[in-house]
Amino acid sequence: MSATTQTPDAPASAPVTRTRRRSRRPGGGSGWLSLPVWFWLVFFILTPLALVFWYSFGYKPDLFTSVATDAPSFDRYREVTDPVFMSTFWDTLRIAAIGTTLCAVIGVPFAYWMGVKVDPRWRPLLLALVLVPFWTNFLVRTLGWQIILSPEGFLSHGLQKVGILSGPLDVLYTSAAVQLGVVYNYLPLMILPLYVVFERLDPAQREASRDLGAGRWRTFGAVTLPSALPGIAAGALLVFIPLMGDYLTASVLGGSRGTMVGQMIARQFNTAQDWALGSAMAFTLMAFVLLTVVVVGLVFLAVRALLRRARHLDLEGAR
Amino acid sequence: MSTTTAETTAPAPARRPRRHDPAKLGLNLFGIAVFGFLFLPILVIVGYSFNTGRLLGAWKGFGFDAYQSAVDNPVMIDAVITSLVAGVLASLVATVLGTIGGVALARAGAKARWAALLTALLALTLITPEIIDGISILPWLVTLGTDVGIGPVNNGMVRLVIVHTSLAIAVVTFIVRARMQGMDDQVEEAAADLYATPWNRFRQITLPQAGPGIFAGALLAFTLSMDNTIVASFVQVPGYTPWPVYVLGSLKTGLRPEIAALSTVMLLLTLVALTVVWLVLRRSGDDNAAVARTFTGG
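For the protein sequence lines, the chains are A and B, in the order given. Plus 4 on top of the position in the first sequence (first one is 1) and you've got this note's numbering. Plus 22 on top of the position in the second sequence (first one is 1) and you've got this note's numbering.
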């Protein structure tokens, strides 16, 4: 793949560029190099976003027209803040917050195990294993859970046979199933940045902590975990952001009861054909996401500052 | 067995950690349990691909019927081919754009305002939920294709390549930038002093340095494209339905074991391809850890 990208029309363009004046510092003005990326971003990402942003101030004029913008207003945003729609936003936020927390609760000890405790020889293999779900199609993985959780599935039958369940398993098409599905689907995104952080930790720091008399829990809490904070913050964002917009997991495992914002927006475009309302929902979702990014950033800075102070005090006390 | 343990245990006791360490044992068990969790639905899909029943979830008996009927189903095979072609083309475009973008960003001075703005824009594409990408690009493509009259954007493959490139461009750019930032640009200055043309400098010095980053970016771009369902489902045109969108569609019409069978084949092919890539990278001199970094985009 990389070989093919490196070779395009090498000989053809050489004579053309030769006429360019040779600059002494190649790093001088590199801005012109970024022009193709600018073009792509403006033409295929910013313009469409701007267009839909403009739609969000419009309205649906009649049954057969999806949007009209001749009388811009904030009416659609007012409509979005209606409790009916807002409850979906809060449900989504709850699923995303719980999902991100669970991913961190599972991901931190797991990445610690992989990056610190496991023999370094085995680490690349384990990392490859963590990536395998990644390379299996997202939708197909979720379908696997649909089979597992089905009331007629093997898990349901097995649990009934053993006597843990008296009736068929009643999890599929509930928000609990969606919660399980999102934790599963986004867990690797939490593990990877955490693994990178844990793996790069200097073992000498932990040894020093142990030598100075700290127990293993204290060492983990005071030395290892604080150094892993950037990884936790990165993982939290990597999980939370796509999770807020996810609508596949909810479509496969949630049925009608586990509606998330993504499904609600898709419905405005696919079935209701109300692009104005759908666009307003989309930008409300965007606001939620941006706000969370800012809040997570602030919390990260605050926790780091607190930990610094706590550690500073500890050192003072030890002296 | 017994003779080897006798040999190996002799010098070990001094270095060997405590055998019955409950915390370590617990952590090991936890790690294995998480792997079980990660693999459970994948194993279920692989297992149910041998279901001879008509519906995926209702187990009837063991057999290879699903594989046979998947191969005989031209619509499904077309969907997989569409996905593969779109994945290759999109990762090509995204890699070319992302590479020059990443190199440009890595060379930009700390005060370059365009670089800060470009970084912010790229970050924006990363945090935009996919559903928003989907609903925004569709009206725009319709506008371009119908109102402005740019014919090619009505083509299903062109549409897929456009949206998948958009999804991957930031990832490739950031990986290449990260790779290039640590690089010494004195080599290139030396090349410039020796009258190397800008293109030759780029081809013979910059590209080889950025190589692993470019490769990782291309790999991720391809994966993103192959996996993309939401945006593709918005812009897809009949005749160019990619595989995930086909699966999404069959959610409504009834899931059949053929889907599990083709998914299993694709997973196997992915694993084989990745193993080959891994071995090639190993042979080119990287150690396991370096290869792992390449795969995770570092």
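For the record, the hints were derived by calculation from the structure and aren't laboratory data. A portion of the hints provided could be inaccurate.
Over 10 Å on every C-beta distance to chain B, these chain A residues come out as not near it, computed from the model [said to hold, decoys possible]:
1. LEU45
2. LEU163
3. LEU229
4. PRO246
5. ARG308
Taking lysine to aspartate or glutamate pairs in the EDC-like style, the calculated list, with each CA pair at most 20 Å apart, reads [stated by the list, open to error]:
6. A:LYS121 with A:ASP66
7. B:LYS46 with A:GLU211
8. A:LYS64 with A:ASP95
9. B:LYS46 with A:GLU203
10. A:LYS121 with A:ASP215
11. B:LYS82 with A:ASP215
12. B:LYS274 with A:GLU156
13. A:LYS121 with B:ASP43
14. B:LYS46 with A:ASP79
15. A:LYS64 with A:ASP74
16. A:LYS64 with A:ASP79
17. A:LYS121 with A:ASP174
18. A:LYS121 with A:GLU211
19. A:LYS121 with A:ASP86
Ranges between beta-carbon positions, derived for each pair [as the list claims (entries may be wrong)]:
20. B:ARG305 with A:PRO230: 55 to 65 Å
21. A:LYS121 with B:PHE61: 18 to 28 Å
22. A:SER231 with B:PHE59: 41 to 51 Å
23. A:ALA226 with B:GLN208: 38 to 48 Å
All residues carry an ideal CB built from backbone N, CA and C; glycine is no exception.
Against the structure, the hints come out as follows:
no., hint, verdict
1, LEU45, "violated (5 Å)"
2, LEU163, "holds (15 Å)"
3, LEU229, "holds (15 Å)"
4, PRO246, "violated (7 Å)"
5, ARG308, "holds (21 Å)"
6, A:LYS121 with A:ASP66, "violated (63 Å)"
7, B:LYS46 with A:GLU211, "holds (17 Å)"
8, A:LYS64 with A:ASP95, "violated (27 Å)"
9, B:LYS46 with A:GLU203, "holds (17 Å)"
10, A:LYS121 with A:ASP215, "holds (18 Å)"
11, B:LYS82 with A:ASP215, "violated (61 Å)"
12, B:LYS274 with A:GLU156, "holds (19 Å)"
13, A:LYS121 with B:ASP43, "holds (13 Å)"
14, B:LYS46 with A:ASP79, "violated (59 Å)"
15, A:LYS64 with A:ASP74, "holds (11 Å)"
16, A:LYS64 with A:ASP79, "holds (11 Å)"
17, A:LYS121 with A:ASP174, "violated (38 Å)"
18, A:LYS121 with A:GLU211, "holds (13 Å)"
19, A:LYS121 with A:ASP86, "violated (51 Å)"
20, B:ARG305 with A:PRO230: 55 to 65 Å, "violated (40 Å)"
21, A:LYS121 with B:PHE61: 18 to 28 Å, "holds (20 Å)"
22, A:SER231 with B:PHE59: 41 to 51 Å, "violated (26 Å)"
23, A:ALA226 with B:GLN208: 38 to 48 Å, "holds (42 Å)"
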